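Could you build the full structure based on these sequences and the hints that come with them?
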Amino acid sequence: MPEAQAIRLAQQGDAAAFERLYRLHSRRVYSLCLRMVGNTAEAEDLTQEAFLQLFRKIATFRGESAFSTWLHRLSVNVVLMRLRKKSGTETSLEEVTEPDEDSGGPRRDFGGPDLRLSGSIDRVNLQRAVDQLPPGYKSVFVLHDVQGYEHNEIAEIMSCSIGNSKSQLHKARMRLRELLHEALRSKAREERKAAGNAGGED
Amino acid sequence: MATMDCNEFLHHLEPWLEGSQHPEARVHLHDCSHCRGLVEDFGALQTAARELSAADPEPPARVWASLRAQLEQEGLIRGGRRTNWLHGLFAPIPRPALAGAYLALLIAAAFAVSGPIHRRVNDYRWIEGNQTSALSAQLDTAEQNTVASFHHANPAVTASLHENLAIVDNYITLCEKSVREDPQNEVARDYLYTAYQQKADLLAQMTDRGDGDYGR
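From first to last, the protein sequence lines are chains A and B. FYI, the numbering for the first sequence is 1 to 202, going by the working numbering. FYI, the numbering for the second sequence is 1 to 216, going by the working numbering.
The set of hints was computed from the structure by calculation and includes no laboratory data. Keep in mind the model is a prediction, meaning the values are calculated, not measured. Glycine residues also receive a C-beta, built at the ideal position from the N, C-alpha and C atoms. Check the hints yourself; a few may be wrong.
To be verified - Below 16 Å or equal to it, Euclidean Cα-Cα: the simulated EDC-like pairs (lysine to aspartate or glutamate) are:
hint, chain 1, residue 1, chain 2, residue 2
1, A, Lys57, B, Glu74
2, A, Lys171, B, Glu74
3, A, Lys85, A, Glu150
4, A, Lys57, B, Glu18
5, A, Lys166, B, Glu74
6, A, Lys86, A, Glu19
Said to hold, decoys possible - Non-contacting residues of chain B with respect to chain A, defined by C-beta distances greater than 10 Å in every case (computed):
hint, residue
7, Asp5
8, Ser133
9, Ser149
10, Thr158
Unchecked claim - Take a look, some chain B residues computed to stay more than 12 Å from chain A by CB distance:
hint, residue
11, Gly19
12, Pro23
13, His30
14, Ser53
15, Asp140
16, Thr141
17, Glu143
18, Asn145
19, Asn154
20, Val157
21, Ser178
22, Arg180
23, Glu181
24, Pro183
25, Asn185
26, Ala188
Written out as structure tokens, the structure is:
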């Protein structure tokens with residue numbers, strides 16, 4: 001069943017159409033939630049919540065935007081709402097990033113010329129670093145670099161400007177680079193220490 | 001050619017990563033190891049991010065099961081499997097492996113019809129708490145019989161069905177716990193019966209797909 005037909009039938013309450021839409025999009029939504037919260041149980045809960053909101057509102061979908069964009073907007077909102085509740089504050093997208101970096105303060109010099117990430121980033125390292133990003137950076141990084149959305153789509157999903165999406169992505173990458181370099185430096189220190197200990201035992 | 005400085009290069013970084021390489025940016029990169037490092041690292045990040053995406057998992061089956069139960073609860077969908085499942089149980093020749101569960105439902109139905117609360121026959125929520133344990137026990141018996149007699153030429157099919165059975169069993173355990181904690185909670189009982197329904201469906205599938213006694 002094509003997506004357009006599934007949407008039309010779901011708007012009439014057809015159970016098979018709901019399931020078709022779920023099967024078409026659940027992997028991406030679940031992945032988004034998982035990358036955002038880093039916890040499978042919570043990601044499952046958020047996926048269910050996002051689809052529940054979608055299906056409650058599906059009768060109002062008129063096709064002005066792509067269905068997947070609409071669904072992702074709902075999903076991102078569900079995730080950000082959860083993160084805001086957890087932090088106990090009501091915050092805007094701007095505030096879930098790191099506003100001090102927007103204030104024109106001195107640029108940090110990330111990483112030295114001796115360290116390169118190429119060939120040293122594995123899935124676990126990257127996810128660990130992504131987990132440490134502020135929610136706004138994380139959303140844009142996951143949507144753009146992991147899920148392959150374009151900035152105009154992200155702007156629609158996140159209700160922000162295209163320029164804002166680009167700026168958030170750049171900051172997210174810079175922060176990730178810093179975190180991954182730090183992880184590399186820690187690893188190198190540990191290896192030197194271990195080598196020193198081994199040498200001392202000889 | 002005048003070259004740009006590092007701050008100016010940052011404006012060309014995103015287009016550069018997407019393949020649009022400005023000549024002045026190229027000159028700057030040639031001369032600046034700092035920005036070369038940045039480009040290389042961002043490239044490595046993009047590659048790693050795409051690999052992360054390739055490993056994206058599917059949500060577990062229980063997510064759709066819970067979602068569906070919630071949609072049914074809210075009356076948002078029609079044509080549910082719940083009705084089909086009951087139709088299956090009331091079919092003229094019930095599958096042998098499900099005969100026990102079928103019998104338990106018939107007993108429950110008889111109880112409901114004669115009981116003080118009149119509800120629709122095709123709505124299973126009327127089944128009282130003491131019948132859940134009977135139904136659960138009957139499904140366990142059905143499971144033992146089905147699993148014991150299940151044979152399939154393709155071991156992947158067997159493994160997949162067993163894996164799904166384990167998932168549904170875990171789901172049932174969680175739902176039973178919720179019902180035990182709050183026996184009057186209709187939503188919790190709804191989830192439990194949906195879980196039972198899933199198990200019966202799965203056992204029926206094993207019966208249909210197996211090439212053992214029940215599949216013939």
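To see whether the hints hold, each was checked on the structure:
At most 16 Å may separate the alpha-carbon atoms for a hinted pair to count; A/Lys57 and B/Glu74 meet this at roughly 13 Å. At roughly 42 Å between alpha-carbon atoms, A/Lys171 and B/Glu74 are farther apart than 16 Å, so this suggested pair is violated. As the CA atoms of A/Lys85 and A/Glu150 are separated by approximately 28 Å, the hinted pair breaks the 16 Å bound. Between A/Lys57 and B/Glu18 the alpha-carbon distance is near 36 Å, which puts this suggested pair outside the 16 Å criterion.
Distance restraint check for A/Lys166 and B/Glu74: the Cα-Cα separation of roughly 40 Å exceeds the 16 Å cut-off, and the hinted pair is therefore not satisfied. Of the pairs offered as hints, the one joining A/Lys86 and A/Glu19 is violated, with about 31 Å between alpha carbons and a cut-off of 16 Å exceeded. Remark: the non-interface label on B/Asp5 is consistent with the geometry, its nearest Cβ contact in chain A lying 12 Å away (cut-off 10 Å). For B/Ser133, the non-interface assignment is confirmed: its Cβ lies about 28 Å from the closest Cβ of chain A, beyond the 10 Å cut-off.
Listed as outside the interface, B/Ser149 is consistent with that label: its C-beta sits roughly 30 Å from the nearest C-beta of chain A, beyond the 10 Å cut-off. Every C-beta of chain A lies more than 10 Å from that of B/Thr158, the closest at about 24 Å, which supports listing it as non-interface. Every C-beta of chain A lies more than 12 Å from that of B/Gly19, the closest at about 14 Å, which supports listing it as non-interface. With a least beta-carbon separation of about 22 Å from chain A, B/Pro23 lies farther than 12 Å from that chain, consistent with its non-interface assignment.
Every CB of chain A is more than 12 Å from the CB of B/His30 (nearest about 15 Å), matching its label as outside the interface. Not every C-beta of chain A lies more than 12 Å from that of B/Ser53, the closest at about 5 Å, which undercuts listing it as non-interface. The beta carbon of B/Asp140 is kept farther than 12 Å from every beta carbon of chain A, the shortest such distance being approximately 26 Å. Annotated as non-interface, B/Thr141 keeps its C-beta farther than 12 Å from every C-beta of chain A; the closest such distance is 30 Å.
Listed as outside the interface, B/Glu143 is consistent with that label: its C-beta sits roughly 25 Å from the nearest C-beta of chain A, beyond the 12 Å cut-off. Interface exclusion of B/Asn145 from chain A stands, the closest Cβ pair being 30 Å apart, more than 12 Å. Remark: the non-interface label on B/Asn154 is consistent with the geometry, its nearest Cβ contact in chain A lying 23 Å away (cut-off 12 Å). Even its closest Cβ contact with chain A, about 20 Å, leaves B/Val157 beyond 12 Å, as expected for a residue assigned away from the interface.
Distance to chain A confirms B/Ser178 as a non-interface residue, since its nearest Cβ pair spans about 15 Å, more than 12 Å. Under the 12 Å C-beta cut-off, the non-interface status given to B/Arg180 relative to chain A holds; the minimum distance is some 21 Å. Non-interface call for B/Glu181 relative to chain A: holds, since the shortest CB-CB distance, roughly 18 Å, exceeds 12 Å. Taking the minimum C-beta to C-beta distance to chain A, about 24 Å, the non-interface status of B/Pro183 holds against the 12 Å cut.
Distance check on B/Asn185: its Cβ is at least 18 Å (rounded) from any Cβ of chain A, clearing the 12 Å threshold; non-interface status holds. Separation of B/Ala188 from chain A is adequate, the least Cβ-Cβ distance of about 16 Å exceeding the 12 Å criterion.
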